[in-house]
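S.K.: As a plain string of letters, each chain reads:
There are 2 protein chains.
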Amino acid sequence: MAKEDVLYQHGTLALLVPGLYYGTQSIADLLTHGDTGIGTADGLDGEMVILAGHAYQISGKGTVREMASDELTPFANVHFDQPTNDYDRQNISSADLEKEIFADHQFANQFFAIKIHGTFSHVQTRAIDKQKPPYPPLAEAAKSQHVFEKDDVTGTLIGYYSPDLYQGTTSAGFHVHFLDDDHTFGGHILAYALTEGKVSLQTFSDFNLHLPVYDSHFVQADLNDPELDKQIKAAEH
Amino acid sequence: MAKEDVLYQHGTLALLVPGLYYGTQSIADLLTHGDTGIGTADGLDGEMVILAGHAYQISGKGTVREMASDELTPFANVHFDQPTNDYDRQNISSADLEKEIFADHQFANQFFAIKIHGTFSHVQTRAIDKQKPPYPPLAEAAKSQHVFEKDDVTGTLIGYYSPDLYQGTTSAGFHVHFLDDDHTFGGHILAYALTEGKVSLQTFSDFNLHLPVYDSHFVQADLNDPELDKQIKAAEH
Numbered sequence: 011m012a013k014e015d016v017l018y019q020h021g022t023l024a025l026l027v028p029g030l031y032y033g034t035q036s037i038a039d040l041l042t043h044g045d046t047g048i049g050t051a052d053g054l055d056g057e058m059v060i061l062a063g064h065a066y067q068i069s070g071k072g073t074v075r076e077m078a079s080d081e082l083t084p085f086a087n088v089h090f091d092q093p094t095n096d097y098d099r100q101n102i103s104s105a106d107l108e109k110e111i112f113a114d115h116q117f118a119n120q121f122f123a124i125k126i127h128g129t130f131s132h133v134q135t136r137a138i139d140k141q142k143p144p145y146p147p148l149a150e151a152a153k154s155q156h157v158f159e160k161d162d163v164t165g166t167l168i169g170y171y172s173p174d175l176y177q178g179t180t181s182a183g184f185h186v187h188f189l190d191d192d193h194t195f196g197g198h199i200l201a202y203a204l205t206e207g208k209v210s211l212q213t214f215s216d217f218n219l220h221l222p223v224y225d226s227h228f229v230q231a232d233l234n235d236p237e238l239d240k241q242i243k244a245a246e247h
Numbered sequence: 011m012a013k014e015d016v017l018y019q020h021g022t023l024a025l026l027v028p029g030l031y032y033g034t035q036s037i038a039d040l041l042t043h044g045d046t047g048i049g050t051a052d053g054l055d056g057e058m059v060i061l062a063g064h065a066y067q068i069s070g071k072g073t074v075r076e077m078a079s080d081e082l083t084p085f086a087n088v089h090f091d092q093p094t095n096d097y098d099r100q101n102i103s104s105a106d107l108e109k110e111i112f113a114d115h116q117f118a119n120q121f122f123a124i125k126i127h128g129t130f131s132h133v134q135t136r137a138i139d140k141q142k143p144p145y146p147p148l149a150e151a152a153k154s155q156h157v158f159e160k161d162d163v164t165g166t167l168i169g170y171y172s173p174d175l176y177q178g179t180t181s182a183g184f185h186v187h188f189l190d191d192d193h194t195f196g197g198h199i200l201a202y203a204l205t206e207g208k209v210s211l212q213t214f215s216d217f218n219l220h221l222p223v224y225d226s227h228f229v230q231a232d233l234n235d236p237e238l239d240k241q242i243k244a245a246e247h
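Chains A and B, in that order, give the protein sequences.
Its first residue numbered 11, the first sequence is counted upward by one per residue in my numbering.
Its first residue numbered 11, the second sequence is counted upward by one per residue in my numbering.
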């Protein structure tokens, strides 16, 4: 397989659910597996957007900064950007755009990236404050999230779709982040509507799950939460 | 990561559940990703054991033969054999051996291979006959499985443990196959007890899921069976 066929993931989503927010992979290491993606930082410190080999952090205060190569992440997804499908789209809601993707492509059973660069009539994001050990569960940490909104904003939506089957390994369905072109606004997207932009999709034949097997918190954790699906949905949507 | 750190999987277990038994990867291609493993053949034709770079098929009739490089598999797991833990063990049941592994090692949250070469006081296996399209669901196909038993048999148990979290992607828990040294007996293991042998474990930091995204049956299938867990347990245990 070519490197563009691989979606790489550091960590499994289920480790965030009970509160394993310890950073276990450096940004430098992560970027060897892709130049584009999303994630979070050590301590669940905000939301991460990776574009063209640069990792940006949107903090709980809504500020944006580029992350250093030695900073750590507990959970992130990256891939090498080489879209398989590109098209322009105007005036569409997120719900209609998602429906259209599955009407036009037989992508329901595979992992793919979605990237939209353009102008959005509205983007609503959230970012979580850095947590302190002993870490609270994800659903509790998400309750203190900060919500940000901006109209007529130009920037990049980036994220992934994963089939329902992989819920727990990933946050199933669409999971997308945002960073504006000025690097003054972004976060984990709660809602958006597109005015005009280029939609780029990239399908993957391979999903490479990398686990922090040398991390003592990870190997000792109980990841079998019987309410995993509910916890993820409460925290991520 | 080193190649020995990767568990490679062709296909997702959920595709077998509704009956997607079409072979979608050649044995030659599969063996580029590992020299050791388990799987099944085109049409759910028996059980596969891969040892030292050779793929063997145990048919529904109980016969063993080496597979050709151009034969196809719908689902298989392979890795490059380089055990991380090796020890000798005598007179132990499968249940006690499994308990002992988790008592001795913090492996519950990771993928690992288990290989045991030795003499078994008892091995009970099953193998499924080749199915014909339109393929029946896995739970139905498994009903016509053939069960084989042998006492005091010398051979190799090979397979994997995957955490509960990955049920549907894999068959969670232990999933092990057997091939005797004479190549006259084997299959998917239903029960075993060890007289004396070497137990080899190999942990993986990376799980590489490879999906048949160019197969029309796969991309069109509905893989969201609400009773997935139940169907897998009915068919695989």
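Everything labelled a hint here was simulated from the structure, so no lab data went into it.
A couple of the hints might just be wrong.
[Claimed, not checked] Cβ-to-Cβ under 7 Å is the rule here; a few derived chain A residues that face chain B:
(1) Ser103
(2) Asp174
(3) Leu175
(4) Asp216
(5) His220
From the three backbone atoms N, C-alpha and C, an ideal C-beta is built for every residue, glycine too.
S.K.: Have a go at the His220 of chain A hint: is there a Cβ in chain B nearer than 7 Å to its own Cβ?
M.R.: holds (5 Å)
S.K.: With 7 Å as the cut and Cβ atoms as the points, is Ser103 of chain A at the interface with chain B?
M.R.: violated (24 Å)
S.K.: Holds or violated: is the Cβ of Asp174 of chain A closer than 7 Å to a Cβ in chain B?
M.R.: With Cβ-Cβ at 5 Å, under 7 Å, it holds.
S.K.: Verify the interface restraint on Leu175 of chain A: the C-beta must sit less than 7 Å from at least one C-beta of chain B.
M.R.: holds (5 Å)
S.K.: Does Asp216 of chain A pass the interface hint, meaning its C-beta sits closer than 7 Å to a C-beta of chain B?
M.R.: Constraint on Asp216 of chain A satisfied, holds at 5 Å.
When held up to the earlier numbered hints, the structure conflicts with hint 1 and nothing else.
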